[in-house]
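Number of protein chains: 2
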Amino acid sequence: MDKINKNSFTPPFYQLAAIIEKKIMEGEFKPGEPLPSENDLGREYELSRTTVRKCLSLLAERGMISAQQGRGTFVSRPSLDRAVFVMEDFKTQMKRQEKEVGYKLINVRFRKQLPEFALRLGMTPDEGILYYCRLLTANAEPVGIEHKYMCYKKGRPTLENEFQYKAFSEIIAIHTNFLPVRSQAVLTAESASEYDANFLHISTGDPVLRLQQVLYTRDEKPVGIGVFYYRSDRYSLISDIHPLKGER
Amino acid sequence: MDKINKNSFTPPFYQLAAIIEKKIMEGEFKPGEPLPSENDLGREYELSRTTVRKCLSLLAERGMISAQQGRGTFVSRPSLDRAVFVMEDFKTQMKRQEKEVGYKLINVRFRKQLPEFALRLGMTPDEGILYYCRLLTANAEPVGIEHKYMCYKKGRPTLENEFQYKAFSEIIAIHTNFLPVRSQAVLTAESASEYDANFLHISTGDPVLRLQQVLYTRDEKPVGIGVFYYRSDRYSLISDIHPLKGER
DNA sequence: CAGTGGTCTAGACCACCGA
DNA sequence: CGGTGGTCTAGACCACTGC
Numbered sequence: 001m002d003k004i005n006k007n008s009f010t011p012p013f014y015q016l017a018a019i020i021e022k023k024i025m026e027g028e029f030k031p032g033e034p035l036p037s038e039n040d041l042g043r044e045y046e047l048s049r050t051t052v053r054k055c056l057s058l059l060a061e062r063g064m065i066s067a068q069q070g071r072g073t074f075v076s077r078p079s080l081d082r083a084v085f086v087m088e089d090f091k092t093q094m095k096r097q098e099k100e101v102g103y104k105l106i107n108v109r110f111r112k113q114l115p116e117f118a119l120r121l122g123m124t125p126d127e128g129i130l131y132y133c134r135l136l137t138a139n140a141e142p143v144g145i146e147h148k149y150m151c152y153k154k155g156r157p158t159l160e161n162e163f164q165y166k167a168f169s170e171i172i173a174i175h176t177n178f179l180p181v182r183s184q185a186v187l188t189a190e191s192a193s194e195y196d197a198n199f200l201h202i203s204t205g206d207p208v209l210r211l212q213q214v215l216y217t218r219d220e221k222p223v224g225i226g227v228f229y230y231r232s233d234r235y236s237l238i239s240d241i242h243p244l245k246g247e248r
Numbered sequence: 001m002d003k004i005n006k007n008s009f010t011p012p013f014y015q016l017a018a019i020i021e022k023k024i025m026e027g028e029f030k031p032g033e034p035l036p037s038e039n040d041l042g043r044e045y046e047l048s049r050t051t052v053r054k055c056l057s058l059l060a061e062r063g064m065i066s067a068q069q070g071r072g073t074f075v076s077r078p079s080l081d082r083a084v085f086v087m088e089d090f091k092t093q094m095k096r097q098e099k100e101v102g103y104k105l106i107n108v109r110f111r112k113q114l115p116e117f118a119l120r121l122g123m124t125p126d127e128g129i130l131y132y133c134r135l136l137t138a139n140a141e142p143v144g145i146e147h148k149y150m151c152y153k154k155g156r157p158t159l160e161n162e163f164q165y166k167a168f169s170e171i172i173a174i175h176t177n178f179l180p181v182r183s184q185a186v187l188t189a190e191s192a193s194e195y196d197a198n199f200l201h202i203s204t205g206d207p208v209l210r211l212q213q214v215l216y217t218r219d220e221k222p223v224g225i226g227v228f229y230y231r232s233d234r235y236s237l238i239s240d241i242h243p244l245k246g247e248r
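In the order they appear, the protein sequences are chains S and R. At position 112 of the first sequence the residue is numbered 112 (full-length UniProt numbering), and the sequence of numbers has no breaks. At position 180 of the second sequence the residue is numbered 180 (full-length UniProt numbering), and the sequence of numbers has no breaks.
One or more of the hints may lead you astray.
Since the list gives no way to pick one copy over another, a pair counts as held whenever it fits inside one copy or between any two copies.
Calculated pairs, EDC-like style, for lysine to aspartate or glutamate (alpha carbon to alpha carbon, straight line, at most 16 Å) [to be verified]:
{"id": "1", "residue 1": "Lys95", "residue 2": "Glu141"}
{"id": "2", "residue 1": "Lys54", "residue 2": "Glu38"}
{"id": "3", "residue 1": "Lys6", "residue 2": "Glu46"}
FYI, nobody ran anything at the bench for these hints, they're computed from the structure.
Can you build the whole structure from these sequences, using the hints too?
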């Protein structure tokens, strides 16, 4: 039997998680079957129930097990057919890949009207709309283009600099009286418009990833819409589902 | 000051999380600034440190705060510019939308060779490759098409039925000696090939979402590759980032 | 009813950080 | 050095499941 080394640098709850995971992967604990109870695990590995629970919650987070009050904790059916894609803001992503990020402000305009798709989303022009558009580059090559529409209201004078570097939700928070607290994003594939294709150095009609982001206030009023188009050859989303490693 | 109601059905750690979140959203705790220490919070709300920690870990999971050992717990910069897309298997997703799922097996073949992109991913034909292809429908309308390639090894007789209904990783586990434990997925936009477009009832060249999934064994050997193409008008990924609600 | 997971407490020791 | 978060313990009460 594997034992817990209390002098290791990796804490017991983590060691236990690795042990249980190993037993699941080796078939000692099978999908659909219950794990030993928390108390039993505590006795077996000489750990307090609290520690056992912390370990189990770690495994549950990763979707390997799931607990049912009053019944037990069960090994989940393996579901490698899941994928989790995390999109952070462009700068963070590119830095992780050690690429040089660049933004180029293409257009800033005050508008009276919203494009049709924005109206369908329930956004209203109120006192007007501020539109801007940026080109996103990595190592000086165009990767994506974004179009943003935000409610305009009692705006302080806007500085071009801000559009270059600040996050959308921040800009809205600063320049309007609205505070976005919820964000919904939809990811699809589309054909590039002539306008976008030009800036992205691709052909009109080429496939692009389209990310549409809508920011809502606390009372569910949409106050900002951003639409991103990414070159599919230079930008993709990656999901990695893998087991715990032995050490941290 | 908000108080913790210990007789409520929503547990204290959750109530506290909602209180702290509210204070963050109302600006009482500002981004970049530290929260009161865990001990202070415990004193203020008459909760044990353990409970306070459970609450903080909840907020940390949601990216609202982050702890730094020896320094404190800090309010994160708001990052609504993040998106998290979770893709489950097709059946689960469609059921959630209350759509009638259908699979149609289009092709099953034994192959000696792998397509070029699979070789680039480090997969080797070994004793041969089993290829199959399914059409995914929702309410009888074509939504996606998937192509799967798996290592073939000492296979038991394969049943067409299985290809219809079982998850890819399960099929591999059953029909080979390989057990997939890691999955990597890449999401991009592409133009539909003539073959795929035909089945999807779209035009060749139309944009589609392309999901490529590679399954690896414990020793990092790729043993299965699945490529999905989804009609972009009938399939999209959605991410929702929103604050805690008052009640559970 | 006995056994399970869900929550909470009070207290302890540690590693880390900054003055 | 004192204060912070990170971890662990031993014990408690609860709500839920199944017999």
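Verification of the hints:
When the C-alpha separation of lysine 95 and glutamate 141 is checked against a cutoff of 16 Å, the pair qualifies only within one copy, where the shortest distance is 15 Å, while the shortest distance between copies is 41 Å. Proximity of lysine 54 and glutamate 38 under a CA criterion of 16 Å is satisfied intra-copy only: 10 Å inside one chain copy versus 18 Å between copies. Taking CA atoms no more than 16 Å apart as the test, lysine 6 paired with glutamate 46 passes inside one copy only; the shortest distance there is 10 Å, against 32 Å between copies.
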